[in-house]
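Peer 1: One letter stands for each residue in the lines below.
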Amino acid sequence: MTAASRALSPATTRVVLRHSALTRICHWINAVCFFALLMSGLQIFNAHPTLNFGQTTDFARPLLSLEPSGFPSWATLPEAQDLAVGRRWHFFFAWALVLNGAVYLGDLVLRGGFRRLWPSPRDLRDIPRAIVDHAQLRFPKGDEALRYNVLQKLAYLAAIAAFPVLVLAGLTMSPAIDAAFPWLVDLFGGRQSARAVHFLLASFLVAFVAVHLAMVALSGLVNNVVSMITGRYRIEEDNHVA
Amino acid sequence: MSREAKLTRRETLLKLIAGGGALSLSGCGLDARSPAALAVLEKAETLTRLAQRALLAPRQALAREYRPEDISSYFRPNGSTAPDDPDYQGALAAGFADWRLEVGGLVENPLKLSLADLRSLPSRTQITRHDCVEGWSCIAEWKGARLASVLAAARLKPQARFIAFFCADTLEQSLDGNGRYYETIDLVDAAHPQTILAYEMNGAPLPVEHGAPVRLRVERQLGYKMAKYVMRLEAIDGFAALGRGRGGFWEDRGYEWYAGI
Numbered sequence: 001m002t003a004a005s006r007a008l009s010p011a012t013t014r015v016v017l018r019h020s021a022l023t024r025i026c027h028w029i030n031a032v033c034f035f036a037l038l039m040s041g042l043q044i045f046n047a048h049p050t051l052n053f054g055q056t057t058d059f060a061r062p063l064l065s066l067e068p069s070g071f072p073s074w075a076t077l078p079e080a081q082d083l084a085v086g087r088r089w090h091f092f093f094a095w096a097l098v099l100n101g102a103v104y105l106g107d108l109v110l111r112g113g114f115r116r117l118w119p120s121p122r123d124l125r126d127i128p129r130a131i132v133d134h135a136q137l138r139f140p141k142g143d144e145a146l147r148y149n150v151l152q153k154l155a156y157l158a159a160i161a162a163f164p165v166l167v168l169a170g171l172t173m174s175p176a177i178d179a180a181f182p183w184l185v186d187l188f189g190g191r192q193s194a195r196a197v198h199f200l201l202a203s204f205l206v207a208f209v210a211v212h213l214a215m216v217a218l219s220g221l222v223n224n225v226v227s228m229i230t231g232r233y234r235i236e237e238d239n240h241v242a
Numbered sequence: 001m002s003r004e005a006k007l008t009r010r011e012t013l014l015k016l017i018a019g020g021g022a023l024s025l026s027g028c029g030l031d032a033r034s035p036a037a038l039a040v041l042e043k044a045e046t047l048t049r050l051a052q053r054a055l056l057a058p059r060q061a062l063a064r065e066y067r068p069e070d071i072s073s074y075f076r077p078n079g080s081t082a083p084d085d086p087d088y089q090g091a092l093a094a095g096f097a098d099w100r101l102e103v104g105g106l107v108e109n110p111l112k113l114s115l116a117d118l119r120s121l122p123s124r125t126q127i128t129r130h131d132c133v134e135g136w137s138c139i140a141e142w143k144g145a146r147l148a149s150v151l152a153a154a155r156l157k158p159q160a161r162f163i164a165f166f167c168a169d170t171l172e173q174s175l176d177g178n179g180r181y182y183e184t185i186d187l188v189d190a191a192h193p194q195t196i197l198a199y200e201m202n203g204a205p206l207p208v209e210h211g212a213p214v215r216l217r218v219e220r221q222l223g224y225k226m227a228k229y230v231m232r233l234e235a236i237d238g239f240a241a242l243g244r245g246r247g248g249f250w251e252d253r254g255y256e257w258y259a260g261i
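Just so you know, the sequences run in chain order A and B.
Quick note on numbering: the first sequence equals residues 1 to 242 in the numbering used here.
Quick note on numbering: the second sequence equals residues 1 to 261 in the numbering used here.
Hints are computed from structural coordinates only; laboratory data are not their basis.
Don't be surprised by glycine CBs; every beta carbon is placed ideally from N, CA and C.
Where hints are given, some of them may not hold.
Stated by the list, open to error - Among the chain A residues that face chain B by a calculated CB cut under 7 Å, a handful are:
| # | residue |
| --- | --- |
| 1 | 91 |
| 2 | 174 |
| 3 | 176 |
| 4 | 189 |
| 5 | 193 |
| 6 | 227 |
Full structure from sequences and hints, please.
Peer 2: What follows is the structure in structure tokens.
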């Protein structure tokens, strides 16, 4: 299609394959795992709703305390206070998250996906403008919509990096893992520190998901959701005569 | 559209919204505690146990041992802290002078060990971190007889696969009489050098709230595996016949038998 013929049709759209089948499957498995882990994690937290730094628990001086009851029951899995069942859910979906995440990360590395996510020096200089664009809810059109902007890149990289650290912090709470890999305890500065880091990274991911969902809704809800299910993403062309 | 039809539609909409709320994952749409769901979720425990045992096996890994200055000034006692069972109260009043640890089941040489007998066996002293399933941790120094030495003296029969620990404390008054604390561990943990029958904590005789006269230490698992007030241990070939058949007091109440995580 030439620029001239494009100019004649006022609302030209084309459809591109935006996400591979593997990416889509991994995304939805991850979404299910995330909410199951978050809610069962809050159930586990409620069994001892305080955080500490260091090796051990200082019951008198916690870093953060939601005593006596912790998070409300509607946010926990199961709804009733039941640490045993919460652990069952948590560890089942932890395995699912780790295996799914390994497939996703392997694919990302093998197919060079990190290059698309790594911000260039120009990207970094563009941060102030990107912030203004986002604040005004101006989203790119045409081919520009296919590229990740610098804020997206940084957010996705941070989320992708948070998951492995979150898993390692979770594993550091395991006395058997600590015996096998004592350096993990040192990495986090103690088992209670690992528990706090696990909680803080989970909080970061909750914030990430909230912003992610808001952006999905604001930048074309149907198109975005359809593209993550079928892979097909509709692009509105900029109909300017070149 | 008639006014009635509008009302009906509005009611239907409201019902749908209310229903959507109730259909949240932990609501009535999916019972997070249903036996069918738990049967699937429990598969992960086997995966965890096999993975952790595979990671631990090649290096016979010991749990980390800490420095004396790391010992917690306050160590939270949990579960039973003052068993009111009459037999225990009697033994406590007598300073455990007539208390004997019975060792039986699938052994060639059943034993009855006094505290002095236990103290004469090879001992181990270790400063370790105690991790409760609830999430907190405390550090203490424990001294006790190596379980492996006790079992060597009792000589396990070849069909023995687990060691069961029967305790003095009734943690729950239940109609089926299964409220008495007990635990089981396999022979991998039983043979581990840090698995001890502790009779001292922080250099003093084990206090009542921490399981006097003797508690189990299994340092690579969570606190609930480390039975307090141990009265009798038995070598067994399976635990289906004990309690409600899941291998321990908390296991019978839904917790994992393998508590390495």
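Peer 1: Would the hint on residue 227 of chain A stand, with a C-beta cut-off of 7 Å toward chain B?
Peer 2: violated (25 Å)
Peer 1: With chain B as the partner, please determine if residue 91 of chain A meets the hint condition of a C-beta pair closer than 7 Å.
Peer 2: holds (5 Å)
Peer 1: Take the shortest C-beta to C-beta distance between residue 176 of chain A and chain B; is it under 7 Å?
Peer 2: holds (3 Å)
Peer 1: Just to be careful: measuring from the Cβ of residue 174 of chain A to every Cβ in chain B, is the smallest value less than 7 Å?
Peer 2: Hint holds; residue 174 of chain A Cβ to chain B Cβ min 4 Å, cut 7 Å.
Peer 1: Would the stated hint for residue 193 of chain A survive a check requiring a Cβ distance to chain B of less than 7 Å?
Peer 2: Status violated, d = 11 Å.
Peer 1: Hint check: is the beta carbon of residue 189 of chain A less than 7 Å from a beta carbon of chain B?
Peer 2: Constraint on residue 189 of chain A not satisfied, violated at 13 Å.
Of the numbered hints listed earlier, those contradicted by the structure are 4, 5 and 6.
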